[in-house]
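**Q** Sequence:
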Amino acid sequence: MGIGGGFVLTIYNKASGIVESLNSREVAPAAANKTMYIGKGKASVEGGLAIAVPGELSGYWELHQKYGKLPWKTLFSPTIELCAKGSLVTDFLEKILASQKNTILGYPELAAIFIDPQTNDTWKAGNRIKRPVLGETFKVIAAEGAKALYSKDGSLLPKLLQDLQNVGSILTENDFYNYRPEWLKPARAKLRNSYEVYSMPLPGSGQILSYMLSILDGYKDLSISDPLTWHRIIESFKHGYGLRTKVGDPRFVPNVNTVLQKMTNKNYIAYIRDMIVGNMTFENYDYYGADFAGTDDSGTAHVSVLASNGDAVAVTSTINYLFGSLVVSPSTGIILNDEMDDFSTPGLINAYGLSPSPANFIVPGKRPLSSMSPTIVLDRNGDTRMVVGGAGGSRITTSIALLILRHFYFKENICDAMNAPRIHHQLAPMRVEYEKGFNPSIVAELAARGHQVVESKADFGFAALTVIVKQGRSVMASYDRRRTGSISVRPYNAGVGNCY
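Per UniProt numbering, numbering of the sequence shown is gapless, rising by one per residue and ending at 500.
These aren't lab readings, by the way, just hints derived from the structure by calculation. Even for Gly, the Cβ is constructed at its ideal location relative to N, Cα and C. Do not take every clue at face value.
Think about it this way: if two alpha-carbon atoms lie no more than 16 Å apart in a straight line, the pair counts; the simulated EDC-like pairs of lysine to aspartate or glutamate are [stated by the list, open to error]:
#	residue 1	residue 2
1	K262	D274
2	K147	D116
3	K66	E20
4	K14	D226
5	K130	E144
6	K185	E20
7	K66	E455
8	K73	E136
9	K101	E81
10	K14	D379
11	K190	D379
12	K73	E144
13	K69	D226
14	K159	E196
15	K124	D91
16	K124	E173
17	K69	E136
18	K190	D383
19	K95	D116
20	K130	D379
21	K73	E62
22	K411	E182
23	K95	E62
24	K14	D274
25	K436	E412
26	K470	D226
Here are the in silico distance ranges between beta carbons for each label pair [unchecked claim]:
#	residue 1	residue 2	range
27	N309	N33	44 to 52 Å
28	E283	T90	37 to 45 Å
29	I224	P429	39 to 47 Å
30	K95	I224	26 to 34 Å
31	R380	A444	33 to 41 Å
32	R251	M280	19 to 27 Å
33	G168	N413	45 to 53 Å
Taking the hints into account, I'd like the entire structure generated from these sequences.
**A** Rendered as structure tokens:
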């Protein structure tokens with residue numbers, strides 16, 4: 001969760017019964033335009049031009065103003081201590097750092113954080129990475145609040161702006177002054193057995209998740225061992241990603257409500273269900289509603305929270321790629337996002353012959369489309385049954401859908417559902433990706449129906465989820481074996497279980 005990026009959040013207040021979403025995603029700066037990356041190589045992913053206006057800290061402040069109980073200043077003490085003590089390098093982080101060593105060495109400020117000066121190599125598992133400059137920044141934020149970065153009175157903003165100017169960023173003080181997080185009505189799907197799924201609306205992918213689940217909910221004969229079920233799952237993914245190419249930030253896309261109405265219209269969903277043919281698939285993109293190319297987003301972090309009073313929070317944060325724009329502010333220690341790469345650029349036909357979606361073109365103040373889908377599932381009594389979200393770019397949405405299907409439809413316990421090999425389709429490329437260990441007979445049946453099937457080679461290519469489930473008084477929490485995570489219970493409760 002980095003203050004150089006942004007987040008999206010779904011929150012449930014048990015006492016009031018209200019579920020709402022907070023959009024604190026980054027926005028395009030005022031000087032941005034839709035053609036700014038044409039002919040500029042990697043400018044959308046590396047360096048100052050890749051940086052969108054960060055929203056993370058402003059969103060935290062907004063959330064605290066509405067729901068906070070503890071004094072703002074006290075919230076930062078553990079993080080300040082961690083910056084001084086150093087955060088522990090896990091096996092997963094060691095692997096990431098090693099794979100990116102050459103890139104890290106090309107950016108001195110980044111190397112100062114992630115390279116061991118004694119070995120001139122990346123840090124290893126068991127080492128601790130200290131962030132003293134960032135710790136000082138958090139001390140200022142603890143004292144000044146969000147105005148430290150978003151106000152004329154903030155003491156951090158002038159330093160950050162100077163650092164940004166030095167790397168060619170187009171962000172200005174007014175971009176920070178004018179930034180506002182926004183409260184939104186969450187995406188919602190009503191499923192069988194009176195379950196209600198609430199997730200992050202546009203520019204998040206909660207509506208895409210809800211649409212996929214609503215298509216599948218209409219089948220009464222879903223079975224985990226039935227190849228037809230998995231064919232239907234893949235087809236629902238393809239239809240979901242087809243409509244995803246037509247949506248973007250609702251404040252800037254005039255016809256987006258027409259698409260959203262389709263996604264929630266029972267008759268249209270039934271029509272799409274009828275388009276799913278049991279013994280074959282299709283390879284023309286327009287069959288699935290895709291007129292344009294979608295975008296791939298990247299690295300994220302997710303936290304799921306369930307309180308003893310029944311309140312729940314699912315929050316997903318990102319700086320986009322592994323190290324964002326690769327820009328570190330020397331004076332603040334903040335790693336800046338490369339969120340501008342989540343927008344589409346005109347004229348760039350992708351490898352599958354699809355044009356970029358105008359719904360996701362750059363406009364000043366606009367937020368780019370995202371796969372982030374922090375989700376809360378409630379039962380008919382208004383009790384939280386699941387809090388879930390994940391990291392992993394475009395695979396987040398399908399991974400959450402699979403976890404919900406396995407747990408609520410196929411009745412798997414959450415540990416088995418979390419660890420089960422996954423399958424993914426995002427329409428472009430036109431292929432099914434499956435993890436090693438996925439049922440080979442089902443893979444063969446999918447191929448027989450015309451699907452191109454490819455085993456995923458990446459060690460961490462699929463999304464890594466974090467989930468809490470509750471049934472009665474029993475609570476179970478799990479993080480994904482695909483990466484690393486942690487589970488914390490405060491105060492300790494022997495009735496809370498985990499998979500590890």
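**Q** Look at each hint and say if it fits the structure.
**A** Now the hints, each set against the structure:
no., hint, verdict
1, K262 <-> D274, "holds, 15 Å"
2, K147 <-> D116, "violated, 34 Å"
3, K66 <-> E20, "holds, 12 Å"
4, K14 <-> D226, "violated, 38 Å"
5, K130 <-> E144, "violated, 23 Å"
6, K185 <-> E20, "holds, 5 Å"
7, K66 <-> E455, "violated, 46 Å"
8, K73 <-> E136, "holds, 13 Å"
9, K101 <-> E81, "violated, 27 Å"
10, K14 <-> D379, "holds, 12 Å"
11, K190 <-> D379, "holds, 10 Å"
12, K73 <-> E144, "holds, 9 Å"
13, K69 <-> D226, "violated, 49 Å"
14, K159 <-> E196, "violated, 46 Å"
15, K124 <-> D91, "holds, 8 Å"
16, K124 <-> E173, "violated, 39 Å"
17, K69 <-> E136, "violated, 24 Å"
18, K190 <-> D383, "holds, 15 Å"
19, K95 <-> D116, "holds, 15 Å"
20, K130 <-> D379, "violated, 43 Å"
21, K73 <-> E62, "holds, 15 Å"
22, K411 <-> E182, "violated, 36 Å"
23, K95 <-> E62, "violated, 36 Å"
24, K14 <-> D274, "violated, 38 Å"
25, K436 <-> E412, "violated, 20 Å"
26, K470 <-> D226, "violated, 28 Å"
27, N309 <-> N33: 44 to 52 Å, "holds, 48 Å"
28, E283 <-> T90: 37 to 45 Å, "holds, 40 Å"
29, I224 <-> P429: 39 to 47 Å, "violated, 26 Å"
30, K95 <-> I224: 26 to 34 Å, "holds, 31 Å"
31, R380 <-> A444: 33 to 41 Å, "holds, 40 Å"
32, R251 <-> M280: 19 to 27 Å, "violated, 40 Å"
33, G168 <-> N413: 45 to 53 Å, "holds, 51 Å"
Checked against the numbered hints given earlier, the structure breaks hints 2, 4, 5, 7, 9, 13, 14, 16, 17, 20, 22, 23, 24, 25, 26, 29 and 32 and satisfies all the rest.
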